[in-house]
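Enquirer: Work out the full structure, taking the sequences as your base and the hints as a guide.
Here the protein sequences come in this chain order: A and B.
Under full-length UniProt numbering, residue 470 is the last one in the first sequence; the count climbs by one each step, no gaps.
Under full-length UniProt numbering, residue 328 is the last one in the second sequence; the count climbs by one each step, no gaps.
Errors might be hidden in some of the hints.
As the list claims (entries may be wrong) - No farther apart than 20 Å at their CA atoms in a straight line, the calculated lysine-lysine pairs in the PhoX-like style are these:
| hint | chain 1 | residue 1 | chain 2 | residue 2 |
| --- | --- | --- | --- | --- |
| 1 | A | 112 | B | 50 |
| 2 | B | 185 | B | 237 |
| 3 | A | 83 | B | 237 |
| 4 | B | 183 | B | 134 |
| 5 | A | 260 | A | 248 |
To be verified - With beta-carbon atoms standing in for the labels, derived distance ranges:
| hint | chain 1 | residue 1 | chain 2 | residue 2 | range |
| --- | --- | --- | --- | --- | --- |
| 6 | A | 70 | B | 104 | 41 to 47 Å |
| 7 | B | 135 | A | 253 | 35 to 41 Å |
| 8 | A | 38 | B | 26 | 38 to 44 Å |
| 9 | A | 215 | B | 116 | 31 to 37 Å |
| 10 | B | 248 | A | 23 | 49 to 55 Å |
| 11 | A | 345 | B | 176 | 31 to 37 Å |
| 12 | A | 148 | B | 131 | 32 to 38 Å |
These are computed hints drawn from the structure, not numbers from a lab.
C-beta atoms are modelled at their ideal positions from N, C-alpha and C, and glycine is treated no differently.
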Amino acid sequence: MPGASRDGTIDGAEEDPPHTLLPFLQSQSQNTLTRLYQRPSACLSMFRLLPPLDRQLVMNLLWLESAVPAGTMGAWVTRQGRKLYDEALLNLSRLHILPNPSVKLSLNGMFKTSLRQAVTGGGNNGSFGTAALKDDKHPPVSIEVLDTYAVERWETILHYMVSSGTGQLPTKPSPGVLFLLQRSGLMSTVHGSALQITSAGFQFLLHSPHDQLWQLLLQYLHMAEEREMDLVEILSFLFMLSTMELGKEYSIESLSVTQKAMLEDLRDYGLIWQRRTQSRRFSPTRLATTLTSLLPPLPTATSSGAGSQDQGFIVLETNYRLYAYTDNPLQTAVLNLFVSLKYRFPNLVVGSITRESVRKALANGITADQIISYLSTHAHPQMRKNKPLIPVTVQDQVRLWELERNRLKSEEGYLYTAFASQADYEYVLNYAKQLNVVLWENPAKRCFFGNLEGHGNIRGFIERRTGGQA
Amino acid sequence: MDQPSHISVILDLSPSQWHLSSLPQNPYPLSLKSFLAQVLAFLNLHIASKHENTLAIFGAFPGKSVMLYSSTDPASDSSDSGSPNIYRPFEIVDSRVVTRIEEELESIDDSQEEAPIGLVGALTKALCYINRIKHPTPSTQSNGTTVEDPATLPDPRILILSVSPDLSTSYIPIMNSIFSAQKLKIIIDVCKIYGPDTVFLEQAAHLTGGSYVYLERRDALLQHLVMSHLPSPALRKLMAVPTQDKIDFRAACFCHKNIVDVGFVCSVCLSIFCRPVAVCTTCRTKFPMSTLRRLDAYLPRAAKQANGTAKTSAPPTPTATGLPSTPR
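Expert: Listed below in structure tokens is the structure:
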């Protein structure tokens, strides 16, 4: 996978993993990217997705007319930053923002022009969306309405996923969403029955909304490639949405045919709001306008009407008891994945983390680290005073329960038995030990077990020995 | 590393200095208009870098200082629909800053034009503003609207774009600002765009760990701003920014506000004087006559003649020179 090299942590300096979209963009052809760079809004959004050092490099080069020799720019880099700098150059060249970084540094002409236009506000390609004219009959919807709408849409999807196996029948999302969930491997049908959540789906549920959203959108992009929709149109529409202002209405007049077709899908995901399906205008929701901010801008986190979701809601004690201050059925359902719930009150759910409940989650493909990270991201403000945040006993126990499942390890290999004499046995065993291929030995029974790689050598060794004696 | 950052920008908007700066006999004339265009592009880049980045802009005018813009302002009465060609936040910043500067410059009449520049006022306001956003008041927390305020800033910065020369009267307030900036862990960057180097701002940048840039190629203002003042402190560890290697550490005396090479420091409160005094004007400590006589002997002749009004020349002396240490 391109971009995988950036995953490693650099000594001391903590590095956030690159944005999920970047590897996808890096895999695109130069032609596609250059067409994408024609739009200032796309350049601006892409610029935001880049890691900080990459951004600074782009800015350093943005206002230069001529190319800079690679050495000149390199002279600014401290010894500590050398490795990150090289990676940044590589990353930018993969995105075709910086062609030939080894010789001279100069931004892709199209990217440079567009980003300059974005920053100074020149040009007239309308890539930031045409605002709709004032409509006296219908004033623009309030931000609260948009937030509730977005949360409602999004939670419908998640709730459908989480309760798919339990026999309850929650509201079904639209067919488009269902298809996407199935395509992305988050849900699947078994023997033609109803959709069932997969282990990837369980893991998906524990991610932050921002990650979930991008994961789905990435699938949408992959799907679009197969449907032979124009990727550039889709990406630039998503980027345009991310630069739009919350609580404003935009006209669909300036959109292309592909983009108009996307409206329906995005409405289902809760990214945009329309008064009627045939409406000539649309409003982006918070899900859409926070697409390019890297910090977790939970669409629910800032809405005032959502009550307990505003902040963390989980209190976990050292005795494995868990109190969740929530009345949200989705959050309760997600907790139910790995907590055995005991009591339910109007604003509080009480349960405890038990061996059975965790093993159930592990069997569903959820890992211990995911459970712990979910608990720590949703910890109640009261709990944040504790250090460490999650009681160590609970953390360790959850990890131990995970290890329990891995008591048996299977390994392929060969069993060597029926040695003629103890000396023979020890001679061969010694050879095998030197090769470091012995997995198990039993001198009493004169047999040992070696792994697959060593077999050829050992066999040759025995044959040579017996051949020599014969 | 990739955290939101905040910049408070202080624009020195002295009409007379900008007039001098735009005269064509300068090697690189720079008018206020093209200066603003470049600064706005710089500000836009700062907002562009990250959705959560915040910004405050202060203007120093003759005799007063004004806050021109801050991103925590309540959203404007945005009844205008906005242009489809520009990112909306850029449009808001640009138009707000330009109209506010125009208003303020219009309101200055001739009598005020020569008043000393309100740089210290702007600096103090910027510090107060950063202090406020760093420590949200309990009242905003209790009403539940700002729970996890995105403005919990790890690295607030102040950038001073200066054109006016040093005002020696403002030595003490600037020093006090520097100390509060150190306490708040604020970096002060300085870009000197026109006029001679200013001693006090050099010290401000040095003491707070910021960078001081004296702009020689003034046609490359934007490039300088982007390369040396835009990177966040975390990024500066990876990509160096220019710093001053020679810093003028001279201080101004408390009695005549002159910048002195050799000063006399009160042993009790560390006040600096350009000549020995019998009683410290700050802490009222009386010094014995014998010490005074001994010190008078060290006083350079030129200073004796000028009676403390002219700058002293610098023969070696036993008394302290330069920077006062942090007040205890």
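Enquirer: Now, for every hint given, state plainly whether the structure supports it.
Expert: The hints, checked one at a time:
1. Proximity of residue 112(A) to residue 50(B) is assessed by CA-CA distance (about 18 Å); at most 20 Å being required, the pair is judged to hold.
2. A hinted pair counts as satisfied when its Cα atoms are at most 20 Å apart, and residue 185(B) with residue 237(B) qualifies at roughly 16 Å.
3. A hinted pair counts as satisfied when its Cα atoms are at most 20 Å apart, and residue 83(A) with residue 237(B) qualifies at roughly 13 Å.
4. Distance restraint check for residue 183(B) and residue 134(B): the Cα-Cα separation of roughly 13 Å lies within the 20 Å cut-off, and the hinted pair is therefore satisfied.
5. Of the supplied pair hints, the one linking residue 260(A) and residue 248(A) holds, its CA atoms being roughly 18 Å apart against a limit of 20 Å.
6. Distance hint check for residue 70(A) and residue 104(B): the Cβ-Cβ separation is about 45 Å, which falls inside the suggested range of 41 to 47 Å.
7. For the pair residue 135(B) and residue 253(A), the beta carbons lie near 47 Å from each other, so the given range of 35 to 41 Å is not met.
8. As the Cβ distance of residue 38(A) to residue 26(B) is approximately 39 Å, the hint placing it in 38 to 44 Å holds.
9. In this structure the hint that residue 215(A) and residue 116(B) lie 31 to 37 Å apart at CB is violated, the actual value being about 59 Å.
10. Checked against the hint of 49 to 55 Å, the pair residue 248(B) and residue 23(A) passes, with Cβ atoms roughly 51 Å apart.
11. Roughly 55 Å separates the CB atoms of residue 345(A) and residue 176(B), a value that falls outside the hinted 31 to 37 Å.
12. Hint check: residue 148(A) to residue 131(B), Cβ distance near 36 Å, so the stated range 32 to 38 Å holds.
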